[in-house]
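Novice: Sequence:
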Amino acid sequence: MKNRFSTDDKIKYIKWKCDNESTPLSDKMDIIDFLIDHSGLFGRKINPEKFTNELNKLTADISHEPKK
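Following my numbering, the numbering of the sequence shown begins with 39 at its first residue and continues without gaps.
Hints were generated in silico from the structure; no laboratory data involved.
Please note: incorrect hints may appear among the correct ones.
DSS-like cross-link-like pairs, simulated, lysine-lysine; straight-line CA separation at most 30 Å [what the hints assert, rightly or not]:
| no. | residue 1 | residue 2 |
| --- | --- | --- |
| 1 | K95 | K83 |
| 2 | K66 | K48 |
| 3 | K53 | K66 |
| 4 | K50 | K83 |
| 5 | K88 | K53 |
| 6 | K88 | K48 |
| 7 | K66 | K88 |
| 8 | K66 | K83 |
| 9 | K50 | K66 |
| 10 | K88 | K55 |
| 11 | K53 | K95 |
| 12 | K55 | K83 |
| 13 | K66 | K55 |
| 14 | K48 | K95 |
| 15 | K55 | K95 |
| 16 | K50 | K88 |
| 17 | K83 | K53 |
| 18 | K66 | K95 |
| 19 | K83 | K48 |
Use the sequences and the hints to build the structure in full.
Specialist: Structure below.
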């Protein structure tokens, strides 16, 4: 099955999800942790496979285009 959403679409979606007032705080914290872990700012090596897997988990509920 072909992935309907690109990585760029998924990043836009988690940004929208963080900005959305109806998103639970725990979900927002998961997104922030994901962004911190995969930014490379703290000397961690970036692992593309882990990045993709975690991004897919965070966007499992994506069903619409994020508001631009």
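Novice: Are the Cα positions of K66 and K95 separated by 30 Å at most?
Specialist: holds, 13 Å
Novice: For a C-alpha distance cap of 30 Å, please report whether K66 and K83 respect it.
Specialist: holds, 24 Å
Novice: Tell me if the straight-line CA distance from K66 to K55 falls inside 30 Å.
Specialist: Between K66 and K55 the Cα gap is close to 7 Å, so the pair holds against 30 Å.
Novice: Please work out if K50 and K83 have their alpha carbons no farther apart than 30 Å.
Specialist: holds, 23 Å
Novice: Given the hinted pair K55 and K95, is their alpha-carbon gap at most 30 Å?
Specialist: holds, 14 Å
Novice: Decide if the proposed pair is consistent with the structure: K55 and K83, CA atoms, cutoff 30 Å inclusive.
Specialist: Between K55 and K83 the Cα gap is close to 26 Å, so the pair holds against 30 Å.
Novice: With a cut-off of 30 Å on the C-alpha distance, tell me whether K66 and K48 pass.
Specialist: Given pair K66, K48 holds - Cα atoms ~15 Å apart, limit 30 Å.
Novice: Straight-line Cα separation of K53 and K95 no greater than 30 Å?
Specialist: Within the cut-off at roughly 15 Å; holds.
Novice: Quickly compare the C-alpha distance for K66 and K88 to 30 Å and report which way the hint goes.
Specialist: holds, 19 Å
Novice: When you check the alpha-carbon spacing of K83 and K53, does it fall within 30 Å?
Specialist: holds, 23 Å
Novice: Please verify whether K50 and K88 have alpha carbons no more than 30 Å apart.
Specialist: Status holds; Cα separation ~19 Å.
Novice: K48 and K95: Cα distance at most 30 Å?
Specialist: It holds: about 10 Å lies between the C-alpha atoms, which stays within 30 Å.
Hint violations for this structure: none, all hints satisfied.
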